[in-house]
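Protein chains in written order, with our numbering: chain A, 1 to 315; chain B, 1 to 345.
I should point out that these hints are in silico values taken from the structure, not numbers from a laboratory.
Just so it is clear, CB atoms sit at the ideal spot from N, CA and C, and this is done for glycine as well.
One thing to keep in mind: the hints can contain errors.
[Unchecked claim] If you want the footprint, here are the derived chain B segments under chain A, 3+ residues with CB under 8 Å:
| # | stretch |
| --- | --- |
| 1 | 52-59 |
| 2 | 92-102 |
| 3 | 123-133 |
| 4 | 283-291 |
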Amino acid sequence: MSKNKTNNTASSQAAMPAKKKRGYAALSYTKKKGLWGFILLCPWLIGFLGFFLIPLVQTFYYALFDMRLANNGFSFDFVGIENFRYILTVDPDYNQELIAALQDMALNVPIQIFVALFLAIMLNAKFPGRGFFRTIFFIPIILSTGILTIEVTGLETFNLAAEETEGVMSAAFFTETLSNSGIPSELLSMIQSFVSSIFEVITTAGVQILIFLSGLQGISPSLYEVAKLEGCTQFECFCKITLPMISPMILVCLVYSLSDTFAKAEISELIDTTMFTSAQYGRGAAMSAVYFAMSVGITLLLTLIVSKVVFYYDN
Amino acid sequence: MTTKALKVDNTASRFNKEDFKKRYNKHVIRKRSMAFLSTLFRYVLLITLGFVILKPVYDIVKQTITAQNALGMGNSVWIPNAVSRQSILEAWLILDYPSSLLYSLINAAVLAFLQTMCAAFAAYSFARLKFKGSGLLFGFVVFTIIVPPQSMMLAQYISLRNFDIFGIIEAITGSPANLIGSMWANYLLAATGVGVKGGLYVYLLRQSYRQLPVSIEEAAYVDGAGFLKTFFKIVLPGVSSTLLTVAVLSFVWNYSDTYYASLLSSTTRNLCLNLQFVQGNMRWAIMDIEDKMPLDYMISWDSPMIQNAVASACALLVILPLIIMYVFVQKRFVQGVERSGLGGE
Numbered sequence: 001m002s003k004n005k006t007n008n009t010a011s012s013q014a015a016m017p018a019k020k021k022r023g024y025a026a027l028s029y030t031k032k033k034g035l036w037g038f039i040l041l042c043p044w045l046i047g048f049l050g051f052f053l054i055p056l057v058q059t060f061y062y063a064l065f066d067m068r069l070a071n072n073g074f075s076f077d078f079v080g081i082e083n084f085r086y087i088l089t090v091d092p093d094y095n096q097e098l099i100a101a102l103q104d105m106a107l108n109v110p111i112q113i114f115v116a117l118f119l120a121i122m123l124n125a126k127f128p129g130r131g132f133f134r135t136i137f138f139i140p141i142i143l144s145t146g147i148l149t150i151e152v153t154g155l156e157t158f159n160l161a162a163e164e165t166e167g168v169m170s171a172a173f174f175t176e177t178l179s180n181s182g183i184p185s186e187l188l189s190m191i192q193s194f195v196s197s198i199f200e201v202i203t204t205a206g207v208q209i210l211i212f213l214s215g216l217q218g219i220s221p222s223l224y225e226v227a228k229l230e231g232c233t234q235f236e237c238f239c240k241i242t243l244p245m246i247s248p249m250i251l252v253c254l255v256y257s258l259s260d261t262f263a264k265a266e267i268s269e270l271i272d273t274t275m276f277t278s279a280q281y282g283r284g285a286a287m288s289a290v291y292f293a294m295s296v297g298i299t300l301l302l303t304l305i306v307s308k309v310v311f312y313y314d315n
Numbered sequence: 001m002t003t004k005a006l007k008v009d010n011t012a013s014r015f016n017k018e019d020f021k022k023r024y025n026k027h028v029i030r031k032r033s034m035a036f037l038s039t040l041f042r043y044v045l046l047i048t049l050g051f052v053i054l055k056p057v058y059d060i061v062k063q064t065i066t067a068q069n070a071l072g073m074g075n076s077v078w079i080p081n082a083v084s085r086q087s088i089l090e091a092w093l094i095l096d097y098p099s100s101l102l103y104s105l106i107n108a109a110v111l112a113f114l115q116t117m118c119a120a121f122a123a124y125s126f127a128r129l130k131f132k133g134s135g136l137l138f139g140f141v142v143f144t145i146i147v148p149p150q151s152m153m154l155a156q157y158i159s160l161r162n163f164d165i166f167g168i169i170e171a172i173t174g175s176p177a178n179l180i181g182s183m184w185a186n187y188l189l190a191a192t193g194v195g196v197k198g199g200l201y202v203y204l205l206r207q208s209y210r211q212l213p214v215s216i217e218e219a220a221y222v223d224g225a226g227f228l229k230t231f232f233k234i235v236l237p238g239v240s241s242t243l244l245t246v247a248v249l250s251f252v253w254n255y256s257d258t259y260y261a262s263l264l265s266s267t268t269r270n271l272c273l274n275l276q277f278v279q280g281n282m283r284w285a286i287m288d289i290e291d292k293m294p295l296d297y298m299i300s301w302d303s304p305m306i307q308n309a310v311a312s313a314c315a316l317l318v319i320l321p322l323i324i325m326y327v328f329v330q331k332r333f334v335q336g337v338e339r340s341g342l343g344g345e
């Protein structure tokens with residue numbers, strides 16, 4: 001195939017000057033494409049190798065050692081898998097944090113994606129005040145970075161007390177009313193946990209809303225026009241046009257939500273303190289190694305499953 | 001047009017039963033009530049959730065503008081009893097606002113530009129200009145998204161502290177370069193796609209490149225445009241909406257990033273880092289700027305209420321540029337939508 005093409009260009013060139021093409025010009029289309037692909041990828045590739053892969057491998061390497069701060073740098077004592085054995089069987093917190101991170105993921109990620117898609121569709125429709133509401137729903141992207149969580153040392157206890165009395169009163173009131181109305185307690189606690197997590201879900205779903213909105217904007221309106229002319233209902237339009245066209249964005253959101261929940265899990269703090277506060281560098285490295293193995297495994301598995309149903313307009 | 005005509009008709013024969021039935025048969029009523037209900041549902045939902053988001057922001061604004069002697073009064077829950085500029089003046093001085101703001105904004109803009117460009121190149125390579133092994137490399141992009149940056153903290157720090165390219169720098173200057181403490185380390189990480197959430201941008205852009213019809217690029221190439229020209233003239237404008245999204249996200253996250261900033265280029269001129277530090281030491285921060293305040297203000301720092309108010313003012317000053325920028329970018333978003341709607345494809 002590629003040989004054929006080179007022959008073609010060569011013969012067409014031969015008609016004009018009597019020179020043979022050399023170097024770059026002699027390459028086939030596919031090869032040129034590959035070359036430019038490599039050139040454009042270079043900055044990223046350098047960063048990936050130098051500032052990501054090598055440090056990551058070093059982390060795994062550190063996990064096999066008992067690292068201590070010495071006069072000039074670190075001292076290394078090889079301990080093999082002792083660090084891994086310690087964190088998984090002896091350390092009281094690590095296993096619990098690992099399971100908590102998993103629970104968090106299983107609960108939050110589906111809700112986040114569902115809420116984000118729902119809100120994005122709402123915000124994408126034409127209605128008066130749409131710009132205003134969009135402005136509001138993207139504020140969490142700024143909020144989620146934690147600037148607004150004000151922690152003044154003296155005020156913590158004061159705030160906590162105020163919140164507790166208020167929170168207990170209102171929660172107790174609602175629980176009582178609802179349980180008196182005969183709703184089973186399991187369902188009630190589920191509803192309660194959902195309601196109390198609304199703020200969290202909304203504030204962490206800002207990016208996902210943005211991703212979905214940009215995806216929705218990319219859908220050609222003519223598709224909907226055709227569907228309406230053919231007699232599709234709103235629901236059919238959603239199932240047959242919006243969902244397939246937005247499915248690549250669902251994949252993006254899935255990966256983003258997973259990485260976000262994994263990065264924000266409290267286990268990161270445990271690793272941080274183990275490494276930098278208690279100066280157990282090797283043990284901390286082992287903790288991160290195990291955690292990565294888990295999070296990467298789960299994410300790749302889910303991505304693989306979802307990418308089976310993703311639809312690309314061009315392929 | 002037609003509704004107007006009908007309305008005129010309606011006033012003329014108000015009690016015509018036949019006409020009324022014709023116009024308001026059950027299909028029309030069902031359709032209209034469904035439309036009304038869905039509009040109502042949309043507004044109720046959006047307003048409720050919007051309130052959940054805006055409440056903390058409002059609280060901060062309220063705390064900031066309330067006069068310090070009126071803080072915590074029972075009758076100023078929603079609207080402050082008395083208003084004063086004192087808190088925001090103190091915050092202004094504590095943060096050294098104008099010069100810090102300039103420093104933070106410029107850095108965030110440079111980082112956002114570098115990250116966006118690097119991601120745009122890499123993503124295009126992954127989406128269209130494939131070569132042997134690019135599928136595997138894209139797997140690594142997903143990998144970089146998933147791995148929390150804290151994992152490589154120590155190793156990254158050491159490699160940037162003793163930065164060298166195959167021993168070249170050591171051969172010239174005698175020792176490896178120390179990039180820690182200046183913005184160069186951050187710029188380097190951003191330009192090579194490792195900075196704050198660098199992998200995510202590649203992922204996002206690749207997805208939107210792939211949704212472009214490949215025939216346009218092929219047509220450009222057949223018409224004599226090279227790969228670079230095709231990329232800059234055809235492909236980048238085609239994904240401008242996603243490109244803007246990526247640039248905005250990158251700017252916001254770099255502006256409010258404290259992880260890389262504190263690890264690689266820690267300085268009090270970085271607004272968010274300084275905010276974090278100041279919020280833990282509000283009492284001393286207020287004491288520090290006491291002399292610089294105008295004389296007609298009563299300065300006090302002991303009450304946690306006042307400390308909280310000044311901390312709120314600091315937070316407000318830090319997020320203010322983001323909100324202002326956001327309001328402007330928002331307009332571009334809406335324009336983009338409208339343009340694509342007109343074009344129709």
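Okay, the hints, checked on the actual structure:
1. Given as covered by chain A, the stretch 52-59 of chain B passes the check, having 5 residues with a CB less than 8 Å from a CB of that chain where 3 are the minimum.
2. Beta-carbon proximity to chain A at under 8 Å applies to 0 residues in the stretch 92-102 of chain B; the threshold of 3 is not reached and the given coverage is violated.
3. Coverage of the stretch 123-133 of chain B by chain A holds. Counting CB-CB distances below 8 Å, 8 residues qualify, and the rule asks for three or more.
4. Interface restraint, the stretch 283-291 of chain B with chain A: violated (1 residues with C-beta to C-beta distance below 8 Å; minimum three).
In terms of the numbered hints stated before, the structure departs from hints 2, 4, listed from lowest to highest.
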